[in-house]
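Participant: Spelled out from the first residue to the last, the chains are:
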Amino acid sequence: GENVEQHPSTLSVQEGDSAVIKCTYSDSASNYFPWYKQELGKRPQLIIDIRSNVGEKKDQRIAVTLNKTAKHFSLHITETQPEDSAVYFCAASMNTGNQFYFGTGTSLTVIP
Amino acid sequence: DAGITQSPRHKVTETGTPVTLRCHQTENHRYMYWYRQDPGHGLRLIHYSYGVKDTDKGEVSDGYSVSRSKTEDFLLTLESATSSQTSVYFCAISEQGGEEKLFFGSGTQLSVL
Numbered sequence: 246g247e248n249v250e251q252h253p254s255t256l257s258v259q260e261g262d263s264a265v266i267k268c269t270y271s272d273s274a275s276n277y278f279p280w281y282k283q284e285l286g287k288r289p290q291l292i293i294d295i296r297s298n299v300g301e302k303k304d305q306r307i308a309v310t311l312n313k314t315a316k317h318f319s320l321h322i323t324e325t326q327p328e329d330s331a332v333y334f335c336a337a338s339m340n341t342g343n344q345f346y347f348g349t350g351t352s353l354t355v356i357p
Numbered sequence: 028d029a030g031i032t033q034s035p036r037h038k039v040t041e042t043g044t045p046v047t048l049r050c051h052q053t054e055n056h057r058y059m060y061w062y063r064q065d066p067g068h069g070l071r072l073i074h075y076s077y078g079v080k081d082t083d084k085g086e087v088s089d090g091y092s093v094s095r096s097k098t099e100d101f102l103l104t105l106e107s108a109t110s111s112q113t114s115v116y117f118c119a120i121s122e123q124g125g126e127e128k129l130f131f132g133s134g135t136q137l138s139v140l
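Residue numbers (my numbering), protein chains in the order written: chain G, 246 to 357; chain W, 28 to 140.
By construction, these hints were calculated from the structure, which means they are not laboratory data.
For glycine and all other residues, C-beta sits at the position ideal for the given N, C-alpha and C.
Warning: the hint list may mix true and false statements.
Computed list of chain W residues with no C-beta within reach of chain G, every gap over 10 Å [claimed, not checked]: (1) 67; (2) 75; (3) 86; (4) 92; (5) 106; (6) 121.
Taking lysine-lysine and the BS3-like style, the derived pairs with C-alpha atoms no more than 27 Å apart in a straight line are [to be verified]: (7) W:128 <-> G:267; (8) G:302 <-> G:316; (9) G:316 <-> G:303; (10) W:38 <-> G:313; (11) W:128 <-> G:303; (12) G:316 <-> W:128; (13) G:302 <-> W:80; (14) G:313 <-> G:303; (15) G:313 <-> G:287; (16) G:313 <-> G:267; (17) G:303 <-> W:38; (18) G:287 <-> G:302.
One-sided and incomplete, this derived list gives chain G residues near chain W with beta-carbon spacing under 10 Å [unchecked claim]: (19) 290; (20) 291; (21) 321; (22) 342.
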């Protein structure tokens, strides 16, 4: 099956700086890559996703990039704010399959 | 937020007792999933369903069974709970499985003493 690796496991940044979280996947058939944000004690919530026919997608301060050749994708958060502090998960899936494969998460702390 | 309700939200039980967790959706989505979340392991798939009475195993299915008799309900049963099954359990739904967005319920904190 698919294997998704996520780095770093923890990340601390100063407020206003950028944060980058990287994921790699193993199965070239994967074609859908969502990112989830999970605040303490809450459910994971979808914040942005990208499909394999697109190289980059932006939504305000959040962007995701995808490199299909290298089989990696990244989450970029600009102008970080304390409320961005959370655990972020990447995932990969394929439209011919039923399952989503998750990374192990990155705990982001934004220091005021 | 997608209409997903998990019950109970918290449960404490003793080793060896059976436990059933319920997931109820109002979105009429075909796919439903059960994940467990443990520190250092992220979200691991236990079982999933792709239709009424259609289920399949995930990567950590040992000790768990599921049932889906109606589109809106997906039950997770621990036949004989063990301390290693202490975890947070999340239900999730998707309209089209791997090619569409996955939405999570609020989770059930289960403690097995």
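Participant: Next, verify each hint and record whether it holds.
Facilitator: A quick look at each hint next to the structure:
1. 67: Per Cβ check, residue 67 (chain W) is inside 10 Å of chain G; nearest 7 Å; violated.
2. 75: At about 6 Å from chain G, residue 75 (chain W) fails to clear the 10 Å cut-off, so the statement is violated.
3. 86: Label violated. Min Cβ-Cβ 8 Å, cutoff 10 Å.
4. 92: About 18 Å separates residue 92 (chain W) from the closest Cβ of chain G, which puts it past 10 Å; holds.
5. 106: The claim holds: residue 106 (chain W) sits with its nearest Cβ about 24 Å from chain G, beyond 10 Å.
6. 121: With a cut-off of 10 Å, residue 121 (chain W) comes too close to chain G, as the shortest Cβ separation is near 8 Å.
7. W:128 <-> G:267: 20 Å, holds
8. G:302 <-> G:316: 17 Å, holds
9. G:316 <-> G:303: 19 Å, holds
10. W:38 <-> G:313: Violated, because 43 Å separates the two Cα atoms, which is more than 27 Å.
11. W:128 <-> G:303: Status holds; Cα separation ~17 Å.
12. G:316 <-> W:128: 20 Å, holds
13. G:302 <-> W:80: 38 Å, violated
14. G:313 <-> G:303: 18 Å, holds
15. G:313 <-> G:287: Violated, because 32 Å separates the two Cα atoms, which is more than 27 Å.
16. G:313 <-> G:267: OK: residue 313 (chain G) and residue 267 (chain G) at ~14 Å, within 27 Å.
17. G:303 <-> W:38: 40 Å, violated
18. G:287 <-> G:302: Since the Cα atoms of residue 287 (chain G) and residue 302 (chain G) sit roughly 26 Å apart, the hinted pair holds (cutoff 27 Å).
19. 290: Residue 290 (chain G) check passes; min Cβ-Cβ to chain W is 7 Å, inside 10 Å.
20. 291: 6 Å, holds
21. 321: For residue 321 (chain G), the interface hint is violated, since the closest Cβ of chain W sits about 20 Å away, which is over 10 Å.
22. 342: With Cβ-Cβ at 4 Å, under 10 Å, it holds.
This entry does not satisfy hints 1, 2, 3, 6, 10, 13, 15, 17, 21, going by the numbered hints stated previously.
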